[in-house]
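If you read the sequences in order, they're chains A and B.
Each residue of the first sequence is one higher than the last, beginning at 257 in the working numbering.
Each residue of the second sequence is one higher than the last, beginning at 913 in the working numbering.
Treat the hints as calculated values from the structure; they're not laboratory data.
Any given hint could be a false lead.
[Unchecked claim] Result set (DMTMM-like, lysine to aspartate or glutamate): computed pairs, CA atoms no more than 25 Å apart in a straight line:
1) A:Lys263 - B:Glu926
2) A:Lys740 - A:Glu666
3) B:Lys996 - A:Glu770
4) B:Lys1080 - B:Asp1048
5) A:Lys772 - A:Glu744
6) B:Lys1080 - B:Asp1207
7) A:Lys740 - A:Asp665
8) B:Lys956 - A:Glu380
9) B:Lys1185 - B:Glu985
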Amino acid sequence: MAHGPAKGFTRWLYTTNHKDIGSMYLWFSFAMFFLGGFFALVIRAELFQPGLQIVEPNFFNQMTTMHGLVMVFGAVMPAFVGLANWMVPMMIGAPDMALPRMNNWSFWILPFAFAMLASTLFMEGGAPNFGWTFYAPLSTTYAPASVTFFIFAVHIMGASSIMGAINIIATILNMRAPGMTLMKMPLFVWTWLITAYLLIAVMPVLAGVVTMMLMDIHFGTSFFDAAGGGDPVLFQHVFWFFGHPEVYIMILPAFGVVSAIIPTFARKPLFGYSSMVYATASIAFLSFIVWAHHMFTVGMPLFGELVFMYATMLIAIPTGVKVFNWVTTMFKGSMTFETPMLFSIAFVILFTIGGFSGLMLAIAPADFQYHDTYFVVAHFHYVLVPGAIFSITAAVYYWLPKWSGNMYDETMGKAHFWLAFIGLNVTFFPMHFSGLAGMPRRIPDYNPLWADWNMISSVGAFLFGAAQLLFLFIVIRTIIGGKKATAEVWEGSHGLEWTVPSPAPYHTFSTPPEVK
Amino acid sequence: MEQKQEFETYYVPEQSKLPIFASLGLFLTVFGLGNWLNEMSAEKEGSGVTVFLLGFVVLAAVLFTWFSKAIDENIKGLNSVQLKRSYVWGMGWFIFSEVMFFAAFFGALWYLRNISLPHLGEGPTSELLWNDFKADWPLMTTPDMALNGEAAAITGPEATMGNPGFSKWLTWLPFINTAILISSSVTVHWAHTALKKDNKKAFNFWLGFTVLLGFIFLCVQVYEYKHAYTDLGLTLNAGVYGTTFFMLTGFHGLHVTMGTFMLFVQWLRSVTKGHFSHSDCFGFEASSWYWHFVDVVWVGLFIFVYILG
Ligand code: HEM
Ligand SMILES: [Cu+2]
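Produce the complete structure using the sequences and hints provided.
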């Protein structure tokens, strides 16, 4: 029993093993990625042409809302937690996560939470239709009854995130092998340490804001109701105090992944390791003092606009440090371009584009034009799709041989990369133009003026979707069979995870390795 | 226990049914609660409350088993020093998450008092939208009432939870409650010092005394709420003053309830089972940190909700 996994289905229900739990997180996230992707394709199908063709406006709003929620909380966040589960103990030479049973609890809350959230689609009055940012009073006074279940789903997935984050912090701070000092930790471990801190700091604030909604809806309080002396703008402040750190929760681990992959395929150590650590910490700190850049147009004193504008622009500095470090790592390296590397290089380039559009949005006076247009949609999709999603994909190709013991098919991997790369740019690049031309976000029908851009976007979206089906196929095929992987897997790999055989034994580092 | 040999340095528990049932219990609890609330708001009958209670029982039973198991493992000596440190980190960061939860509500109070209300009570907003509504704090006449030409029957600090003036503090319930709660932080500390000297008798006494103080605090709070609802007309739906007053003190009260319960369990463990010694007392220590945290939050409440309220 103690040496290998238990037999049968209950292995997954009762497990306390970080690798099992990591796999469950990753598969769950993959499933949510397809669910959220399906919602996205409904949106893109409706927007293929001006006019209302496929869905009712109210259902369209439910689709945008569910798409955002499922992608953020169901696809991106659990994927990174899954990667942390698999890799953090192996990277620091620990036998498992610090609190293995709580680890399994963190995971198993999620299927329940998302089942409850998804079930709102079939409820009377429909699913939440107020956007993933659920601004009051749309989400309170004018919300469908299902909002109550949305609120509780957020509560329990928040509990899951907090427990997961506590576990990761305890693991990193307490379970490192002898000699693994903080400044020797791989960057993925560092970025997760800081991400976990962000999670513990802001998930309770999210819980707070949905609790306020719950009270306003069912118990007659007036947090967000001016008639009782409250203020809908208060909602936005509390939400974005959570919301901006949240976007860094979705990108900091991605920085860690890319910082692991680029040195391997450039066959050079990471350039500026310690500056990466400090840059990550500065980004985390700054992420707490920029939230109102999402609220430039709701009405704020001029002083507030300026403070939040400058603070936001400051983030570009540590972010720039990172981008330059990745580029310098590649400079004069003996580079090869296996699939994980391709995704990582695309990450660096396309994430930088998203960063630049972020800077444009951060210019308060300009944001009056951009706000709530497709330009914003283009911005955050450039940071989230080639940012978070590409890094997760890169991580899967990079570590899948370690997890499964088999190599994926390189040709197919490359095909996946190019399809995804082209699909994503065809989808999201035109949104910059439709946005600058004034197309508002979250509308099911639009002025024919924007018809061409939208048609291109929709075609790209279906291409991107198809590419992900190929990804699913590649992953399953690799797990079933394929060329056997060596322990090192990659020629230039370095780090503790490559010192154990592939596939990694069920228990690794039962006795801690010595780190020099 | 063959795992014990394999992981000499860190105890990785065998498979466990606890997490999946805990998830089920949690799900039933919130799903039932959601249905119940929706049924109440729609004035319908339904099964929400039953599901809620069922879920709560499942969750409570699982958590009880879970904690018992963790205690058992500790007694059997499975927990290494390192594992115990993981528990310490866990509790510490959990308390930090609670701090942030309260921060959201304190922030909301600050924003409503200093930004929203002044704005509602001045200029065209007040004149054109809210029939010359004037913003004062504690807010008893809401914008809505101003619009309908109504005014609150009772205003002023005597009639709210606000500060009655320093000379009257000794009979001011919130002040008395502050004294009670701060004393309880001291007594729990005395319990701790007694335990460090392995003086179990004093430990049991001071810990029990702390639980009693927590209980008295809660009774006073219940009395105060009743007074607010029946005599002052200060309710949850009486505008933002009632909203923030009840939500902040209410969540704090829930945490005091939790904390009292936790300390009470530790007391039972010590009295009936003889648990805890100077070197092995994490359950007690964690509960006492939680208690100090609850106490600090109260000081914040006392200042921002009561004295300045
Ligand atoms: C240089 C760094 C960045 C800057 C300066 C920046 C700036 C901004 C600004 C000013 C907005 C508000 C635009 C508006 O609504 O008018 C915005 C929106 C957004 N950003 Fe960024 N951003 C940056 C990086 C990121 C990253 C790394 C992510 C996520 C991985 C991200 C995700 C988002 C999202 C999701 C929204 C839209 C939220 C919504 O309204 O639904 N941003 N960004
Ligand atoms: Cu932001």
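Taking the hints in turn, this is what the structure says about them:
no.	hint	result
1	A:Lys263 - B:Glu926	holds (14 Å)
2	A:Lys740 - A:Glu666	holds (13 Å)
3	B:Lys996 - A:Glu770	holds (23 Å)
4	B:Lys1080 - B:Asp1048	holds (23 Å)
5	A:Lys772 - A:Glu744	holds (18 Å)
6	B:Lys1080 - B:Asp1207	holds (23 Å)
7	A:Lys740 - A:Asp665	holds (11 Å)
8	B:Lys956 - A:Glu380	holds (14 Å)
9	B:Lys1185 - B:Glu985	holds (15 Å)
When each numbered hint is compared with the structure, no violation occurs for any of them.
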